[in-house]
Amino acid sequence: MKNALNLLTLVVVVVVMLMAATPAMAADAVGDHTTLTLAGVGVGAGIGAGIGLLGAGYGFSRIGSAALESMARQPEVAGRIQTAMIVIAALLEGATFFGLLICLLVSLKTGS
Amino acid sequence: MAIHKPSPFGHVLDQRNIWELFNSLFGDPLGWELPRLELFGYTFHLTKFMILELAAAVLIALIFIPLARRAKNGDLPKGSWWNCFESLLTFVRNEIARPTIGEHDADKFTPFLWTLFLFILFCNLLGLIPLLGSPTASIYATGGLAIIAFCVLHGAAIAKMGVANYFKSLWPHIDVPYVGFLFSGFVFTIEFLGTFIKSGVLAVRLFANMFAGHLVLAMILIFIYEAGLAGSYWLWGGVTVASVLGITALSLLELFVAFLQAYVFVFLTALFIGMALHPEH
Numbered sequence: 202m203k204n205a206l207n208l209l210t211l212v213v214v215v216v217v218m219l220m221a222a223t224p225a226m227a228a229d230a231v232g233d234h235t236t237l238t239l240a241g242v243g244v245g246a247g248i249g250a251g252i253g254l255l256g257a258g259y260g261f262s263r264i265g266s267a268a269l270e271s272m273a274r275q276p277e278v279a280g281r282i283q284t285a286m287i288v289i290a291a292l293l294e295g296a297t298f299f300g301l302l303i304c305l306l307v308s309l310k311t312g313s
Numbered sequence: 087m088a089i090h091k092p093s094p095f096g097h098v099l100d101q102r103n104i105w106e107l108f109n110s111l112f113g114d115p116l117g118w119e120l121p122r123l124e125l126f127g128y129t130f131h132l133t134k135f136m137i138l139e140l141a142a143a144v145l146i147a148l149i150f151i152p153l154a155r156r157a158k159n160g161d162l163p164k165g166s167w168w169n170c171f172e173s174l175l176t177f178v179r180n181e182i183a184r185p186t187i188g189e190h191d192a193d194k195f196t197p198f199l200w201t202l203f204l205f206i207l208f209c210n211l212l213g214l215i216p217l218l219g220s221p222t223a224s225i226y227a228t229g230g231l232a233i234i235a236f237c238v239l240h241g242a243a244i245a246k247m248g249v250a251n252y253f254k255s256l257w258p259h260i261d262v263p264y265v266g267f268l269f270s271g272f273v274f275t276i277e278f279l280g281t282f283i284k285s286g287v288l289a290v291r292l293f294a295n296m297f298a299g300h301l302v303l304a305m306i307l308i309f310i311y312e313a314g315l316a317g318s319y320w321l322w323g324g325v326t327v328a329s330v331l332g333i334t335a336l337s338l339l340e341l342f343v344a345f346l347q348a349y350v351f352v353f354l355t356a357l358f359i360g361m362a363l364h365p366e367h
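Sequence lines, in order, name chains S and R. When we follow the numbering used here, the leftmost residue of the first sequence carries the number 202, and every step to the right adds one. When we follow the numbering used here, the leftmost residue of the second sequence carries the number 87, and every step to the right adds one.
A hint or two may mislead.
To spell it out: a stretch of chain S is covered by chain R in this simulated footprint if at least three of its residues, at any positions, have a beta carbon under 8 Å from a beta carbon of chain R; those stretches are [stated by the list, open to error]:
1. 209-219
2. 278-292
3. 297-306
From the derived model, a few chain S residues whose C-beta atoms are all more than 12 Å from chain R [said to hold, decoys possible]:
4. I264
5. E270
6. S271
7. R274
8. L309
Simulated from the structure, these hints should not be mistaken for laboratory data. Each residue gets a CB set at the ideal place from its N, CA and C atoms; glycine is no exception.
Produce the entire structure from the sequences given, and follow the hints as far as they go.
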């Protein structure tokens, strides 16, 4: 069993290395790489999406920890707490998507 | 090869002229030309989402009208499909309508909440079927649903209390001597504008969830195309396997999100109706 697991790990590593070696092998064949410059509205959109995700992660962690603590204190109302947790998480996700939508709109704006 | 680069937005958003089924089926794109009507110089397009919404409505009618007829006779539900659909309806009535609107008025609004829930649910679920799409991934569709929720919200309270009494109920009673009027006016404005904002947020929440979910799905699948451009079979094979496994997991998440977003939309609509009908002040 352990030998099979070692063999599987070896196979996975070899496959991933062959996949990762592609740019080196294909560099001469394809040739043109576009250079990316760190400028413009794309930076703002990217940073905005990342900060929005931070807020969402913090909010979900607060919701989850409060829900789990109260479920542990009072197991008989665990069903109602779970329903409320799902609803609040969906509301928070709506707010996150607002920010994400602004980032998308800003980054896809092709002049107006 | 006659393939143009697939665009993720094209797969998620509405399509007006051609319902593109395949980007390249054995080299050529395959699409269905959508009907349009030329009238008074304007062209009215029958878009892909309009057809899908009609399909959802027809499906709901085909399933639930016979079910209602059988329930009217007083039969108990037998079999898994009848139980499944009836449990959806009893869930909306018992867990959403009755707790939020109150026992007394819930039965008046339950048919509306049923229609809203089933329509949003079926529209969301149509997006999970391969060549179709979910009409709720368009801000206009969800905006229309939010406008309907807004009208029901205000209309229900106005029908119950009259226009003047309804606006009087939005005015809080603040017992501060001279500037109480200003505070009350402030809170009244916030409450009134809040109904507009809450309906708008309902629309954007549903739209963004469906749009972003399917957009991410499409982008992960397009990685396969882009890996194929790199020229190495190892990269393409690995990316295909990882992408398809990821898509399977994400589609299960999308299934959960479809049900959840329908539930949240209807729950919040019922909550707002309950708040309008029974002002707590």
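Evaluated hints:
Taking a C-beta to C-beta cut-off of 8 Å, the segment 209-219 of chain S contributes 3 residues in contact with chain R, enough for the three needed, and the coverage statement holds. Chain R is given as covering the segment 278-292 of chain S, and this holds because 5 residues of the stretch bring a CB closer than 8 Å to a CB of that chain, at least three being needed. Residues of the segment 297-306 of chain S with a Cβ under 8 Å from some Cβ of chain R number 4, which satisfies the need for three, so the listed coverage holds. Here I264 (chain S) stays apart from chain R, with its beta-carbon at least about 14 Å from theirs, past the 12 Å limit.
The Cβ of E270 (chain S) lies farther than 12 Å from every Cβ of chain R, with a closest approach of about 23 Å, so its non-interface assignment holds. The Cβ of S271 (chain S) sits about 19 Å from the closest Cβ of chain R, beyond the 12 Å cut-off, so the non-interface label holds. The claim that R274 (chain S) lies off the interface holds: its Cβ sits roughly 23 Å from the closest Cβ of chain R, which is beyond the 12 Å cut-off. Some Cβ of chain R comes within 12 Å of the Cβ of L309 (chain S); the nearest lies about 8 Å off, and the non-interface call is violated.
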